[in-house]
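Asks: As they're listed, the protein sequences go chains A and B. With the working numbering applied, the first sequence covers 1 to 158. With the working numbering applied, the second sequence covers 1001 to 1103.
These are computed hints drawn from the structure, not numbers from a lab. Glycine included, every Cβ here is placed at the ideal spot set by N, Cα and C. Certain hints may be false.
[To be verified] Okay, the calculated bits of chain B under chain A, using three or more residues with CB under 8 Å as the criterion:
hint: 1; stretch: 1001–1014
hint: 2; stretch: 1073–1083
hint: 3; stretch: 1088–1100
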Amino acid sequence: MEQNKNQMMVEFDSISKNESFARVVVAAFTARLNPTLEEIADIKTAVSEAVTNSVIHGYEDGTGRIRIYTSISGNWVTVVVKDYGKGIEDIEKAMEPMYTSKPELERSGMGFAFMEAFMDELHVDSAVGRGTVVTMRKRIGQKENGGELRPEGEKENR
Amino acid sequence: MVIDLPQELDHDCAGRIRRETDLYFVEKRVRNVIFNYRNTSFMDSSGIGLVMGRYREVRYLRGNVYIVGVGKALERIMEISGLYRVARLRDTVEQAIREIEGA
């Protein structure tokens, strides 16, 4: 486990322009694990979802800070997206696919569903009035042999 | 109406596209929308919301939403999102237009 351990942290304002910055910086950091293009795309989508949630829901119209910790250990990458915003009252409900508290903004309600689909592990911690921490983990290099999308549990790709 | 989507379609971009097209939608009573993903290599759930929103609008006018030019990078996210259930998937803009004009 000790070999190939590395960490980084970035903090930025919760404005929508920073969503692309966030996913690119995490993707770049993860690049040393030699991920496939698909794995990079998965991580970028998941980070984008988490950061967008913080921008839209965590801070609503105000601006706050979003912090991302990324660490690599062995062939696992862990991404933690943390905000200090209003928090989530009912995490279970927020994570239901298609549920959104902001239909007027044309949110699809698929944010957490995508994080879950594209990463191997997802954990959400939140305290109302204090903020939200989303922790996601993914193992890189799962499909060395065969070229299948996921080794198990995934439906066959068309 | 054909909307050529940018290379990266996220919340920031989706909001801009929505603001730019909303007025046009109402003014011209747009019935059919073609979302062209030919140049798009990244999309998150904001892109799904954008299509669903337009779908709801054109549905009133008995129109359709078409999705064209989806490359390998977006296949999986499209499938998971369920967009294919509401939008019609075609290969090219021309193909979608032909279908709309033939209808």
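Asks: Do three or more residues from the stretch 1088–1100 of chain B put their C-beta atoms closer than 8 Å to C-beta atoms of chain A?
Replies: violated (count 0)
Asks: Three residues or more, CB to CB closer than 8 Å: is that satisfied between the stretch 1073–1083 of chain B and chain A?
Replies: holds (count 7)
Asks: With a cut-off of 8 Å between beta carbons, are at least three residues of the stretch 1001–1014 of chain B near chain A?
Replies: With 5 residues close enough to chain A, the hint holds.
The structure is inconsistent with hint 3 alone, although it conforms to all the rest.
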